[in-house]
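2 protein chains.
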Amino acid sequence: MTFRKRLERQVLDNGMVVLGEPIDAVESVAFNFMLPAGASVLEDGFCGAGNVISDWIFRGAGDKSSRELGDALDGLGLHRAGSVGSAHLSVGAALEASNLSEALELYADIILRPRLQDEQFAPARQLAIDAVHSLDDDPRRKVMIKLTEQFYPHPLGRSTVGDVAELQALSAEKTRTILKEHFNLSQTIFAVAGKYDFDSVCRQLEGLFAGQRQEPTAPVDLGPKAGKYTHIDDESAQVHIALMTDTARLRDEDYYNARVAISILSGGMSARLFTEVREKRGLCYAIGARYHGLKDAAGIMCYAGTTPEKAQETLEVITGEFNRLADGINDDELARAKVGLKSALILQSESSSSRVGAIGSDYYMLGRVRSLDEIKDAVEATSIDSVVGFLRNTRFEDFTVVTIGPKKVKYQQ
Amino acid sequence: MTFRKRLERQVLDNGMVVLGEPIDAVESVAFNFMLPAGASVLEDGFCGAGNVISDWIFRGAGDKSSRELGDALDGLGLHRAGSVGSAHLSVGAALEASNLSEALELYADIILRPRLQDEQFAPARQLAIDAVHSLDDDPRRKVMIKLTEQFYPHPLGRSTVGDVAELQALSAEKTRTILKEHFNLSQTIFAVAGKYDFDSVCRQLEGLFAGQRQEPTAPVDLGPKAGKYTHIDDESAQVHIALMTDTARLRDEDYYNARVAISILSGGMSARLFTEVREKRGLCYAIGARYHGLKDAAGIMCYAGTTPEKAQETLEVITGEFNRLADGINDDELARAKVGLKSALILQSESSSSRVGAIGSDYYMLGRVRSLDEIKDAVEATSIDSVVGFLRNTRFEDFTVVTIGPKKVKYQQ
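Protein chains in written order, with the numbering used here: chain A, 6 to 418; chain R, 6 to 418.
I should point out that these hints are in silico values taken from the structure, not numbers from a laboratory. Incorrect hints may appear among the rest.
No copy is singled out in the list; a pair is fine if it fits within one copy or between any two copies.
Mimicking DSSO-like on lysine-lysine, the simulated pairs with C-alpha atoms at most 27 Å apart in a straight line are [said to hold, decoys possible]: (1) Lys-230 - Lys-200; (2) Lys-285 - Lys-381; (3) Lys-200 - Lys-381; (4) Lys-179 - Lys-381; (5) Lys-300 - Lys-233; (6) Lys-347 - Lys-69; (7) Lys-200 - Lys-347; (8) Lys-381 - Lys-415; (9) Lys-285 - Lys-69; (10) Lys-185 - Lys-300; (11) Lys-300 - Lys-69; (12) Lys-381 - Lys-230; (13) Lys-285 - Lys-185; (14) Lys-285 - Lys-230; (15) Lys-285 - Lys-179; (16) Lys-300 - Lys-347; (17) Lys-230 - Lys-415; (18) Lys-300 - Lys-381; (19) Lys-300 - Lys-415.
Assemble the whole structure, with the sequences as input and the hints as a guide.
Below is the structure:
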């Protein structure tokens with residue numbers, strides 16, 4: 006099959022990049038503003054401010070109080086989507102196409118003219134603090150957050166939920182300053198996918214966000230990685246094992262070879278981790294590896310939840326399977342990996358919300374958006390030689406490991 | 006807007022109902038077999054057998070070993086979806102449309118000719134046991150499972166993950182008998198949505214599943230509800246509060262009035278629970294209520310995660326908001342609830358996987374499938390009088406409450 010998508014792109018006078026991908030025969034539209042205010046770009050000691058900001062800006066904006074703004078957003082039937090990542094703080098939504106223009110008006114207020122009232126600051130900060138505490142009851146999520154923090158060179162993997170002591174010390178004044186400094190429209194990416202008219206969207210955004218170009222904020226200095234093995238002692242029922250090892254970034258030549266290798270490791274029922282760890286040895290109930298990429302660093306991220314007795318063997322079998330990849334892969338494995346990756350692409354191509362995230366992220370990481378056909382062809386072009394060649398050049402010897410549970414594992418270092 | 010969907014329906018010679026809903030301009034298809042082997046229809050003492058069966062039937066079927074079957078499924082790039090519910094054990098997938106026919110062949114083997122080998126039984130059972138244990142590290146999910154169990158008249162809300170002691174006592178022989186007795190094709194519903202040809206699907210299924218009609222299994226006898234308040238003592242960081250109260254079933258006249266009322270309570274930022282519990286009082290980080298319906302009983306299900314200090318007030322504010330609904334709702338609330346429900350419908354209508362679940366469930370509960378236009382019109386037809394009339398007739402006085410945490414709450418017995 007061939008994808009018939011086309012990408013639309015325009016740069017506004019203020020420097021904001023607008024990307025669009027129409028999807029045939031849908032009645033919905035999804036949009037997303039990627040603001041350059043992610044956790045890694047904030048000053049040290051203010052990690053978590055992004056989560057407070059994400060809540061605070063919705064507590065009244067422009068001529069609307071918190072209550073009026075909530076009413077107006079719900080009145081458009083929009084399903085909010087937002088997140089704080091390493092590089093960006095994203096706010097967006099999915100909704101019926103005919104309400105897009107009204108939604109963009111409200112979002113211009115939220116981004117440019119949030120009220121940021123003192124009395125709304127404390128509850129916004131408290132909810133961010135509660136969110137950190139709630140991780141104690143969700144060790145599976147907690148171990149992955151800690152893993153990202155340990156794996157990436159500081160501050161790229163900095164916790165996107167924040168730290169309780171830092172959040173408690175955060176003032177309304179400081180948070181306003183952070184917001185002002187980092188809501189830089191010239192470095193903002195706006196994406197829309199589904200049913201929309203690109204020219205009217207651009208015209209409307211040009212009007213709503215009219216303004217001067219802003220200087221880019223300084224790039225962050227990268228520190229070293231944290232330690233190789235971190236254990237968090239916890240009276241949990243299971244041992245939660247998370248590990249991660251370097252791999253190709255999206256802009257690297259070997260990116261698709263890496264994706265195929267991960268698919269062979271963890272792409273389905275027939276994938277090696279699933280058959281070796283779960284099915285044959287019955288070592289754990291939950292196991293999976295996936296690609297996790299930032300612009301300047303990327304890794305293969307793996308999670309397993311198991312009993313204290315089986316934790317050591319689980320870790321060893323997993324790292325063994327990573328290393329065994331370089332010994333070779335067979336034709337059937339390659340064929341299944343390709344089918345799996347292409348099938349995921351087809352399912353993604355039909356969802357406005359998935360595509361809006363994908364095109365924005367592509368643009369940030371590559372400076373352009375890959376078409377679905379380009380991705381399909383690149384997956385198709387991988388071969389046993391290219392994948393094994395890649396694997397032999399990047400032996401998985403260096404893992405960052407984090408465990409949460411009643412018992413440590415032994416890991417080198 | 007008007008939905009242009011049409012429903013296709015046929016009954017096979019063996020009694021299996023085949024439902025289809027085409028979606029324009031997609032390249033994917035989703036399908037689902039709803040087998041009448043859900044947790045509530047199994048004998049007492051064998052709760053959890055469904056989870057073992059869901060795993061075991063994929064460990065080899067027809068002429069394929071476990072490994073060969075996994076390879077074949079992954080070779081079609083299918084994304085498996087399956088679940089054990091109260092009434093049904095469902096197996097299905099989403100995939101590229103051109104692979105549907107091969108996928109259905111494999112699923113006919115999995116359903117009709119699973120190998121069910123002894124040596125594959127122990128690992129399948131062990132994984133089901135591990136899944137139960139893993140709930141101890143996921144109190145948020147655990148409290149909802151316990152809530153369903155306590156709320157519905159026994160055995161309708163029976164745990165779909167099972168019980169460790171019962172799973173440990175389960176034998177391969179007994180599990181085979183359960184499977185044989187409950188994989189009743191005459192009571193099976195097959196649904197397909199997305200891109201497919203209905204006539205070829207029906208022809209293929211008629212061939213693959215040819216067989217005699219089977220007698221329906223006896224309906225289950227309903228017991229009483231369990232107690233009103235259950236506390237599970239746990240050294241968790243938060244108190245996890247779950248509560249549920251009776252509401253209209255899908256086949257009841259007041260169904261849409263109930264959906265509107267729930268939307269006013271918890272449909273978005275402007276909804277009452279969100280503003281009263283989270284925004285104004287800052288009582289908890291996570292709060293939400295939703296509709297949960299079986300064929301013969303339904304409830305409004307609510308979750309809140311909060312600190313031990315705030316737990317009592319949180320529970321009281323929530324039940325207070327439920328009860329305050331009958332005092333009246335205003336025009337704006339009604340309008341927003343309608344927009345929200347219709348918007349959710351539009352987003353759902355574009356996803357093959359969502360639609361395949363919805364049409365199967367409709368057929369089971371109503372004996373027919375509601376068109377999207379019918380749902381839209383019914384939502385539109387609700388009024389303040391109809392919603393408040395419903396609320397006054399079904400005062401929310403009777404809640405089933407479950408808490409997990411370091412401290413009990415006080416609740417009327």
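Outcome of the hint check:
1. Taking the shortest Cα distances, Lys-230 and Lys-200 never come within 27 Å of each other, neither inside one copy (43 Å) nor across copies (48 Å).
2. Neither within a single protomer nor between protomers do Lys-285 and Lys-381 lie at most 27 Å apart by alpha-carbon distance, with minima of 33 Å and 49 Å respectively.
3. In this assembly of identical chains, Lys-200 and Lys-381 lie within 27 Å of each other by CA distance both inside one copy and across copies; the values are 24 Å within and 20 Å between.
4. Within a single copy, Lys-179 and Lys-381 get their C-alpha atoms no closer than 46 Å, and across copies no closer than 47 Å, so neither meets the 27 Å cut-off.
5. In this homomeric assembly, Lys-300 and Lys-233 come within 27 Å of each other (Cα to Cα) only inside a single copy, at 22 Å, whereas the closest approach across copies is 52 Å.
6. Within a single copy, Lys-347 and Lys-69 get their C-alpha atoms only as close as 45 Å, which misses the 27 Å cut-off; across copies the closest is 25 Å, which meets it.
7. When the C-alpha separation of Lys-200 and Lys-347 is checked against a cutoff of 27 Å, the pair qualifies both within a copy, at 24 Å, and between copies, at 17 Å.
8. When the C-alpha separation of Lys-381 and Lys-415 is checked against a cutoff of 27 Å, the pair qualifies neither within a copy, at 41 Å, nor between copies, at 58 Å.
9. For a Cα distance limit of 27 Å, the shortest separation of Lys-285 from Lys-69 across copies, 17 Å, qualifies, whereas the shortest one inside one copy, 59 Å, does not.
10. Within a single copy, Lys-185 and Lys-300 get their C-alpha atoms as close as 24 Å, which meets the 27 Å cut-off; across copies the closest is 53 Å, which misses it.
11. Within a single copy, Lys-300 and Lys-69 get their C-alpha atoms no closer than 37 Å, and across copies no closer than 43 Å, so neither meets the 27 Å cut-off.
12. For a Cα distance limit of 27 Å, the shortest separation of Lys-381 from Lys-230 qualifies neither inside one copy, at 34 Å, nor across copies, at 54 Å.
13. In the homo-oligomer, the alpha carbons of Lys-285 and Lys-185 lie at most 27 Å apart only across protomers (26 Å), although the nearest pairing inside one protomer, at 55 Å, exceeds that limit.
14. In this assembly of identical chains, the alpha carbons of Lys-285 and Lys-230 never lie at most 27 Å apart, being 35 Å within a copy and 41 Å across copies at closest.
15. Proximity of Lys-285 and Lys-179 under a CA criterion of 27 Å is satisfied inter-copy only: 23 Å between copies versus 54 Å inside one chain copy.
16. With identical chains, the CA atoms of Lys-300 and Lys-347 are at most 27 Å apart within one copy only, with a shortest distance of 23 Å there and 38 Å across copies.
17. Taking the shortest alpha-carbon separations for Lys-230 and Lys-415, only the intra-copy value of 20 Å comes in at or below 27 Å, while the best inter-copy value is 49 Å.
18. With identical chains, the CA atoms of Lys-300 and Lys-381 are at most 27 Å apart within one copy only, with a shortest distance of 21 Å there and 43 Å across copies.
19. Taking the closest pair of Cα atoms, Lys-300 and Lys-415 never come within 27 Å of each other, the shortest separation being 32 Å inside a single copy and 51 Å across copies.
Violation of the numbered hints given earlier is confined to hints 1, 2, 4, 8, 11, 12, 14 and 19; the remaining hints are satisfied by the structure.
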